[in-house]
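Chain residues, written in single-letter form:
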Amino acid sequence: MHSSITPWKNCRIAIFGTILSIGLFIASIVTPFYSYTYFYQGTTMTFLDIVNVNHTILIPFISVIIALVLLVTSLVLMMIFPTNKAMQTFSSSLTFISAIISLAVFIISVSRLWITPYEFSYASAQELLIGYIIYIVFLAYNGILSCYTMAINGK
Amino acid sequence: MTDVKNPAPQDGAEKGNVFLRVLKAIGRFFKNIGKSIGSFFARLGLKIGRAFKKFGQTFIDGSVGTKMSYFICGAGNFYHKQIVKGILFLVLQVAFVLFMVLCPEINNTPYGWKALQNLALKGSPTTYFDPLTLEKVYKDDSKLFLLFGLVTITAIILYIFIWIANIKSSYKSDQDVKAGRKPSTFKEDCANLLDGRFHILMLTPTCVATLIFTVIPTVFMICMAFTTYNDFDMNAASDLYYKNLFHWNGIINFTDIFEGNTTLGSEIGARFLPVLGWTMIWAIFATFTCYFGGILLAILINKKGIRFKKVFRTIFILTIAIPQFVSLLAMRNLLSGQGPVNQILQNLGWIDTAIGFLGNNTTGDNPYVAKVMVIVINMWLGIPYTMLMTSGILMNIPTDLYEAARVDGAGKMKMLFKITFPYIIFVTTPYLISSFVGNINSFNTIFLLTGGGPSVTGGTYVAGETDLLVTWLYKLTIDNGEYNTGAVIGIFTFLITATITLITYRRSKAYKEEDTFQ
Amino acid sequence: MTNSNKKFHGFHLTQRTNNILSRTFSYLGLVLLSLIWIIPILWIVLSAFRTEVNSDGDLIGIVVSNYFPTQLGFDNFINLFTNSFYGVKYAFPMWMLNTLIIAVVDCIVSTFLVLSVAYCMSKLRFKLRKAFMNITMILGLFPGFMSMIAVYFLLKSIGLAGNTAETAYLNIIGLILAYSAGAGMGFQIAKGFFDVLPTSLVESAKLDGCSNFKIFLKIILPMSKPIIIYTALMSFTGPWMDFIFAKVIIGDGAPECWTVSVGLYSLLFGAQSDANFFTQFAAGCVCIGIPIVALFMFLQKYYVEGVTAGAVKG
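Residue numbers (numbering that gives the first Met the number 0), protein chains in the order written: chain A, 0 to 154; chain B, 0 to 517; chain C, 0 to 313.
Some clues are possibly wrong.
Simulated DEER-style distance windows between Cβ atoms [unchecked claim]:
id : chain 1 : residue 1 : chain 2 : residue 2 : range
1  : B       : Trp247    : C       : Leu220    : 43 to 53 angstroms
2  : C       : Ser203    : B       : Leu494    : 15 to 25 angstroms
3  : C       : Ile289    : A       : Ile135    : 51 to 61 angstroms
4  : C       : Met296    : A       : Lys8      : 47 to 57 angstroms
5  : A       : Phe60     : B       : Met378    : 29 to 39 angstroms
6  : B       : Asp188    : C       : Ala130    : 19 to 29 angstroms
7  : B       : Arg180    : C       : Lys213    : 20 to 30 angstroms
One side only, chain A facing chain C, incomplete, derived with CB under 10 angstroms [to be verified]:
id : residue
8  : Phe60
9  : Ser62
10 : Phe89
11 : Ile106
12 : Ile143
13 : Met149
14 : Ala150
15 : Ile151
Computed cross-link-like contacts, PhoX-like style, restricted to lysine-lysine with a CA-CA straight-line distance of at most 25 angstroms [claimed, not checked]:
id : chain 1 : residue 1 : chain 2 : residue 2
16 : B       : Lys186    : C       : Lys213
17 : B       : Lys186    : C       : Lys217
18 : B       : Lys46     : C       : Lys213
19 : C       : Lys300    : B       : Lys303
Just so you know, the hints here were simulated from the structure itself, not pulled from any lab data.
This structure is a prediction, so every number in the text was calculated from the model and none was measured.
For glycine and all other residues, C-beta sits at the position ideal for the given N, C-alpha and C.
Given the sequences, and given the hints that come with them, work out the whole structure.
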């Protein structure tokens, strides 16, 4: 591969994409997340409220944060050591893990597998709030971004 | 492939010509079949004739020892002072004669010539006193009659081989003497076993095991198709005497299915063609989806520039390593009426009541859903196998093919279609055929996933919607004890698979060139 | 690779962009497919560790309303190993022991048989060679199921199947016989491997005066490490994974002599089955799955080689 492509030129799309990704993530957790009608509360809750109630939701949440961190780390590594083979493999691995995490949580969230606290039940008619949609879009976008980062990593 | 015999038709008369060509091809096909069957029997007849001639010739040509060994095994070897070998043959003959005459009994059923007599399967109400349970038990058990009769026949055939081997060894010693050599001692024979006749040493254990555990059971099952072996009838008989007895009844089982005289026959006859049709559809879809899916996946993983090839391959190997019954039962559970998938769909609000994905729910399940799901899940199981195999092949494709194509200016897609695909398909055609046949008989998937699928109303012997011939066979024999009908279906299955395999396999290049590959 | 840089309104992409795009989507597809493939396996593994309790405080055996467990623990494993199923104390460890014995014996016997037959078919030339191969192929076309029932009767009449209680171990011997006997017919893949070994080696050894046996032992075997390992792997893992054969031959006898697959199946579908055993079933699956998967991982290379060799000439 010609070395006429500077690291910056190589990664600039990815870097801007990552900034956008982090922005989406913050947006999704700040807006009202899911909407449930609980049998005894009948209110909507933000993400922080849900986390307070059911701690296992933290697991996908923390994984997503880890995915973002890995993505940023690998981009930094790609910028600093563009030609070092070992570093390339290492940063590829980081991006790989990030892609797996993002897409796995994407599948989980789309099928709403891990949002039901066991002790709550909810009616079948639900309203998806904007936050949920942003969250899903963020996850899918992050997955594709990680795959893209893997693809531009060296040759 | 251009057909030399049939050049492409002229432009003007295409349509009529095509029709004629098809007719001619069909005619040629049958002619070829006739020719090959005829020549097969002709060659067989010739071989048998020659063998008999040689048999008689050896008697005339042989020495006194050889002539005597026709009657007493080992006599020829004693004549030539091959003591150990002679003793071996003599012992075998004596054992055989004792076996046939004395008729050792196991489970109160005899071997030997009495077993041959029992093959007529006419049981009698003799009883014996069972010391274990302290009661009178009816002695005759037809299935043991059949089984032991077959074993005795096998023993007779084995003895004939031993007898002929004995004659041959004596004759060989004769020729050795004539040529002035010393007849071989036992030690030399043993050494010969390790060298020139190594294949006999290596193949004998397998042959014996196959004979006992494969050939006899298969013949037994074939025989069952011609009897009245039917637990249902037998257990329902009023007289205990009939509980273990069945007898030959010719091809009534077969005609029953087609004519539908009895309830059993009509039920089976009605369902036979649908089940056969579904088996074929299942085999075709299952084989081809897995095959092409695996190839595509392998090509995807093997693309240039993709890292972590090993990781991806490992993930897919994971699904192979998991025992099939584990993953199938897991799938069955996942997709069951109260399973997570249904729960999720209900929670998402997409469906109101649970969908019977695998036809295990209450009646009213859509059989097509079950059929499609079974094919999809089979893809999940089967694609990793094909992928692994294709990966190995892809790595072995000579790269100069690709280089030449690139020099000629071919694009990626073109290279894919014109180089990769034909190569893979050529190399894996035998695998495709054998996996097609295997899918016809694939028991695990359907049995564990759907258990036969949504049941069809109309009787106790009908197959479910997703039943294959083999699972139907299982239901009839194990669940219902209809051994004879099950055997009939088994024979049909075999005929179908055998025909397909023989036609396609023999014509495939790999078989023709099998010998010349080295 | 030329880097022609023609960009008209983004329609004609550079060669490099083309590459990157295709790689991106390939990665995306592969990751998604891998995740989909893992979903059912993950379900079993998670189910093995579930410890949700119902209102009585008993362990719920089958919780299907959520994919991810809300409570995790090792209870299922403990229950699996200490419960008595079908009236047999410590049933599961017994089943594992049975299967281990069967697997080891089968491995040794099968490998030996398959290799000898494959070598004979491949390198030696004798009169009945083609006939043997044809007969084997035809015998293999019969639904294996048909012969299973007859084998069961055969073994039962000798007393090697259908036993209960004290003589239950004889059932295991019967099963071993049945597995080993059928092994010799599966020589196709090994034969494909031997076909690729150059005949010139064998011929030159023969010229030097080696007997066939010596050739087999000293030349061929050391060169066939991949196929030996492949055959051994397949025949070792076979009894753990095989279900229907074992069920027909051993299923009728005493529960003490069952193999793991028959036992686990009977937990869910047998005479004393209970849907609540699902989590313990999953724990059992994890128990047998881990060693087999580990074996496959370590011997991955040989497995792939074996599959390829068999398919190419198979």
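Structure-based check of all given hints:
no.	hint	in the structure
1	Trp247/B <-> Leu220/C: 43 to 53 angstroms	holds, 50 angstroms
2	Ser203/C <-> Leu494/B: 15 to 25 angstroms	violated, 47 angstroms
3	Ile289/C <-> Ile135/A: 51 to 61 angstroms	violated, 35 angstroms
4	Met296/C <-> Lys8/A: 47 to 57 angstroms	violated, 40 angstroms
5	Phe60/A <-> Met378/B: 29 to 39 angstroms	holds, 34 angstroms
6	Asp188/B <-> Ala130/C: 19 to 29 angstroms	holds, 25 angstroms
7	Arg180/B <-> Lys213/C: 20 to 30 angstroms	holds, 24 angstroms
8	Phe60	violated, 13 angstroms
9	Ser62	violated, 12 angstroms
10	Phe89	violated, 17 angstroms
11	Ile106	holds, 6 angstroms
12	Ile143	holds, 6 angstroms
13	Met149	holds, 5 angstroms
14	Ala150	holds, 4 angstroms
15	Ile151	holds, 6 angstroms
16	Lys186/B <-> Lys213/C	holds, 17 angstroms
17	Lys186/B <-> Lys217/C	holds, 22 angstroms
18	Lys46/B <-> Lys213/C	violated, 35 angstroms
19	Lys300/C <-> Lys303/B	holds, 21 angstroms
The structure fails hints 2, 3, 4, 8, 9, 10 and 18 (numbered hints given earlier, in ascending order).
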